[in-house]
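All chains should be built: construct the whole structure from the sequences, respecting the hints.
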Amino acid sequence: MTQMPVLLSKVNRFFSLIWKSLVKFQQTIMIICSILIILGISAQAAFRYLLQLDFYGLDEFIVIIAFWLYFMGSSYGSYEQSHIKADIVSVYIKNQKIKDFLKLIASSITTGISLLVTYWALDFFIWGIVKQAKSPVLSIPMVIPQSAIFIGFILMSLYSVVYLYLDIKKFFSGDPITSNQKRGSF
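My numbering applies: residue 1 is where the sequence shown begins, and numbers increase by one.
Please keep in mind that the hints were generated in silico from the structure rather than gathered at the bench. Heads up, some of the hints might be wrong.
[Stated by the list, open to error] Below 30 Å or equal to it, Euclidean Cα-Cα: the simulated DSSO-like pairs (lysine-lysine) are:
hint, residue 1, residue 2
1, 99, 85
2, 20, 103
3, 24, 94
4, 85, 131
5, 97, 85
6, 85, 170
7, 169, 85
8, 20, 134
9, 103, 169
10, 24, 97
11, 20, 94
12, 20, 131
13, 20, 170
14, 170, 99
15, 24, 103
16, 97, 169
Here the structure is a predicted model, which is why all the values come from computation and not from measurement.
Dropping the structure here:
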């Protein structure tokens, strides 16, 4: 019986490590992509306006990098729960239990839509592998930006499922869950 808390502690640390690693992965991808986009656009401008040369194909690299930046940024927004919300109802409702219930409903809908769109992203990713489409100028496999879509939606769905779990736990237990608990660990 005494081994159970130790086991749960190890499991909690394991999931916390995965959680933090995913966030670090996203932050790293966003930083690298931002730098590469700035360098790419600057190089293209320098070649075009200073050297009077056209740097063919750089647009394709920039668009692919922008896909990764966009979808890692979107999933990071899901992690932070910083997307724009039209939550006007909670302003008028004073009962915390009703607010928690409405948040639970919103989390359920968000999770359902996230899982559905992730399924579509998987279908799109598999289609890209099967069709082996390539970009027009440099023949870059289109599965690279398609993988950004798929991975981004996987992360968004993961965060939605975790936050739904925490909202269910909060609703039925009544314990407030701090934003630090939500973002930092399980």
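Are the Cα positions of residue 97 and residue 169 separated by 30 Å at most?
-> holds (13 Å)
Straight-line alpha-carbon gap residue 85 to residue 170, limit 30 Å | Between residue 85 and residue 170 the Cα gap is close to 20 Å, so the pair holds against 30 Å.
Holds or violated: residue 97 to residue 85, with C-alpha atoms at most 30 Å apart = Distance of about 20 Å is within 30 Å: holds.
Given the proposed pairing of residue 20 with residue 134, does the C-alpha separation stay at or below 30 Å?
-> Between residue 20 and residue 134 the Cα gap is close to 34 Å, so the pair fails against 30 Å, i.e. violated.
Decide if the proposed pair is consistent with the structure: residue 169 and residue 85, CA atoms, cutoff 30 Å inclusive.
-> holds (22 Å)
Straight-line Cα separation of residue 20 and residue 131 no greater than 30 Å?
-> violated (35 Å)
Given hint residue 170 paired with residue 20 - CA-CA distance at most 30 Å = holds (22 Å)
Under the criterion that the straight-line Cα-Cα distance not exceed 30 Å, is the pair residue 24, residue 94 satisfied?
-> Outside the cut-off at roughly 37 Å; violated.
Would you mind confirming whether the straight-line C-alpha gap from residue 24 to residue 103 stays at or under 30 Å?
-> Status holds; Cα separation ~27 Å.
Has the given pair, residue 99 with residue 85, been kept, meaning a C-alpha gap of at most 30 Å?
-> holds (15 Å)
Within 30 Å, alpha carbon to alpha carbon, are residue 85 and residue 131?
-> violated (38 Å)
Is it true that the CA of residue 170 sits at most 30 Å from the CA of residue 99?
-> holds (11 Å)
Hint compliance for this structure: hints 3, 4, 8, 10, 11 and 12 are not met, and every other hint is.
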